[in-house]
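Student: Here is how the chains run, residue by residue.
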Amino acid sequence: MSTPLLYALAGVGLCLLGLYGLIVYAHLLRKILALNIMGSGVFLILVALARRSGDSPDPVPHAMVITGIVVAVSATALALVLLVRFSAATGRNQLDDDEHSP
Amino acid sequence: MWNSLSIVLIMIGMVFFIAGTLGLLRFPDVYTRLHALTKADNVGLGFLVAGLMLQADSLTTALLLLLIWVLVMLAGAGAGQLVAQAALQRQHPVAKSQDDGRGHD
Amino acid sequence: MIEASGTPLPWIVWVILLPLIGAMLCFLWPRQGKTLGLLTALATLLAVIALYFQLLDGGVIRYAVGGWGAPLGIALYADGLSMLMLLMSALVGVGVSLYALGYFKHSPDNPAGFWPLWLLMWTGLNGLFVAGDIFNLYVTLELLGLSAVALVALAASRDALGGAMRYLFVSLLGSLCYLIGVALLYHAYGTVDIALLGTLVERNPATHVALGLMVVAMLLKSALFPLHFWLPPAHASAPAPVSALLSALVVKASFYLLLRLWFDVFSTVSMDLGMVLGVLGAAAIVWGSVLALRQTRLKLLVAYSTVAQLGYLFLPFALLSPLAWQGGVYFVLSHALAKAAMFMAAGNILAFGGHDRIADLDRVAQRLPITMTAFCLAGVSLMGLPPSGGFIAKWLLLDAALSHDQWGWAVMMMIGGLLAAAYVFKVVGFAFTQADAPHDAQPVSPFMEWSALALAVCAILLGLNAHYPLELLAIGGPVTFVSPSP
Amino acid sequence: MGAAMTEAGLFLLDLLLVLTLLCLAWWSLAATDLFKGIVLFIAFGLVLALAWVRLDAPDVALAEAAIGAGLTGALLLTTLSKLASSIDNPPAKRSSPVLLWVLLVMLAAVLGYAIMSLPQQAQGLADTVASQMGNSGVEHPVTAVLLNFRGYDTLLEMAVLLLALIAAWSLAPRAATSCEMDEALTVSPIVLALFRMLIPLMILVAAYLLWVGAHAPGGAFQAGSVLAAAGVLALLCGKRLEGRLAGWPLRLGLVLGTAMFVAVAAAVMVGGAHLLQYPLASAGKLILLIEAAATFSIGLTLAMLFSGQRPSRGPAS
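Residue numbers (my numbering), protein chains in the order written: chain A, 124 to 225; chain B, 46 to 150; chain C, 268 to 753; chain D, 195 to 511.
So that you can see chain A by itself, here it is in the shape it has in the complex (with noise of 0.2 Å):
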């Protein structure tokens, strides 16, 4: 199996990590975290790609993956300031339909 492939792999691993951590726990900090191991999953696939083009590989998935970083930290902050408004409203770190275990 070539290094590209190996990580596009492992980048769709990543994703599909990220999704089950988003759906099956209840703490919305785990699901923020989730999100972001989805993200980076995504970004590595589009990396990983990327070195199928020899010697030098290609940039433009470069530029796109750092712009995705960018707006991934971006959507966390927000995430995480939304989280401690609700956590300070409501004394609890988990949303209503999310209540079927302790």
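You may find that some hints are simply not true.
Claimed, not checked - Short derived list, chain C residues pointing at chain D, Cβ under 8 Å: (1) ALA337; (2) ILE341; (3) ALA379.
Keep in mind that the hints were calculated from the coordinates and are not lab data.
For each residue, glycine too, the CB sits at the ideal point set by N, CA and C.
Mind docking chains B, C and D on chain A? Use the hints.
Tutor: For chains B, C and D alone, coordinates are given in the frame of chain A:
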């Protein structure tokens, strides 16, 4: 000649890293673990950097490597201080406790 | 097709830059937020109108940002469909801006963030409508989604914070799914330009997976049944002007993007998915309407009505005729105007009585006649009664269904119309009766009442001037949009 | 023979990296203690930075280490300390139905199949970028794509960052006094002295990264995040923005990056050129100007997001 010296230096660095990591895993409390990690790894990185400097193409690269070592030592010292302080504040036990020793309650 | 380089003012750029500049100014001088925000809204409206005339003169506009052109650079692209969306946003945007002038004067909701966030959202909307590049679309999609979430959270109630949180997760998940699709397409074809992709795309696994992911992402963001769970809490708990923006524009943006992908990128790939989308749309009409009927709170009722109405947008995917597509796009326009007006009216009623329990509306019809007129006119359009825009849209859809003897879809639309009538009349009925416990009333700003009425009247007028939008839609539209004779 | 050995060794290294990544991601999500989970997430980000290096993406590696692992980690940790209750032990989960597993396995298979079906060799836009480098005003391809070829994306991305800050401010109540964090951490003189040395050094590193971006890995985002890290350290040492700077000067600093970008992008249109179509002669300078403003704003914005509150305009604390 330079090449083999470089390899030897890197190998020595690795030994220190392994020792530091072993200490991190095996030592009983926060303070001794910090001790192992910060001391051994700084020395290990020093050897590693020395070895890599011999491989560097230009003086600039060599100096940059040296700068990295200095920075890591500074950061390590600062971080070690902070972790130890936090552990003291939260009264983590000093002796043979099997507490996992994170600076958090 | 013209190159817009020679013209001194490429309006396609200014419809994006103006709201962005306005947002920065509003952030710099928060005390002048209202003035600056309103000026920006008017300037953006003028820029959109200028672009409209440019489009009428020269046809489809393609603009190479940075002068590079695809595949290296990013292209902006405007055709009749994008223009309709831009005009719709501008109209609703100005209406909501006027409404917000009155709303934040008395509301406990935090007004400081509204203007810059709303203008950034407008930047995202306009950027999305004129984007010709699927990665650029990802960035605009994030700009739009994050600003929408922040706007919902302005209400700062428990419900709003929870609704915003859920909305944020859905929005980010959708964007990531979309981005995987972008990654697959880029690595399969070496470009992210929509026009180029349209010529290159062929049937292979990567294309199909990208199509699937992108479609699911857009369905999630446009809340098609059964992925609608996040919409009612977010739309119902937001401040009224924000609810209007979300229901009128934000969900339509992802629907627009779906159309773009469907026709301009994946047109050569199998359309088997269409039937699935149509069936989900029909299910959304029934399910959303039934839930709307069962609500006891006015804003939740209006939000579930959005779930139901969004279902109609997906019927053309199964009907597959030019008439149906025209009907679908027409539905987007008429629903945007009507639903914005309806949420604004609901906001007035909430501000007036301090609550939105339907059973306790307490003669609101006599006490807020302008607002109730707006609500009823918007309701006429939602039900699809003549002469409203909603009537034309449904008529086009029905015609498309009946001319191909697809009776099932027609029956679905009839049921949807009846249910819509039921939930609208439920509200209207209580608006005329006296509640057991009369409540004290707060004054409602005339800005709020008249802007709601203005948008509702626009929704009706849309039905009287049906040929303008349809002619505009034909400019540069995909072949299937141009009908032989309407 | 030797080459084959190296090849095999590198493949083993890749395999190890990939497995470490997946394990760290899993442990981070499933950790019983959220604090541990966040620390593992930071470790995940650092290992991911190594993966970027292996994929010949040093720019992404720098951005990941500074923003993805560093600042996101710092944001997560401060948030954890502000939550009503930070205990989630054992992790509250929904029961994961069989359907979910079927869905995930199918998704994995489909995505994996799609990726494997892509051609083994593909140029992408590498050649196109290389052929236009001479017209871009800079010598580093990633910087050329970010600030010139696809500069419009970057412009909107700056707007997204600004949006995050405006949203955070509109949600966070204005701090009456900013003593909350000061009390939480008593800073020892040794640490303070170290930080006094580190902060100017970090500003220097940021300036270096900004300058070097024109011809080597680096640039506004990496520089901005290093600057932000300096700001975060200063905040941790109890430094606060002076009251007279906390009003419009601060706001101006925050919008400067986006504003400069828009101004330059629009100004070049005066001669009839397209948006962001820099004149060739001054392209390098204009890009540096945009990047300098962007670095400053990114650093300030990220540091403000970390502080989590609007600075009060009252007397300096």
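Student: None of the hints should be skipped; say for each whether it holds.
Tutor: Structure-based check of each hint:
no.	hint	in the structure
1	ALA337	10 Å, violated
2	ILE341	5 Å, holds
3	ALA379	6 Å, holds
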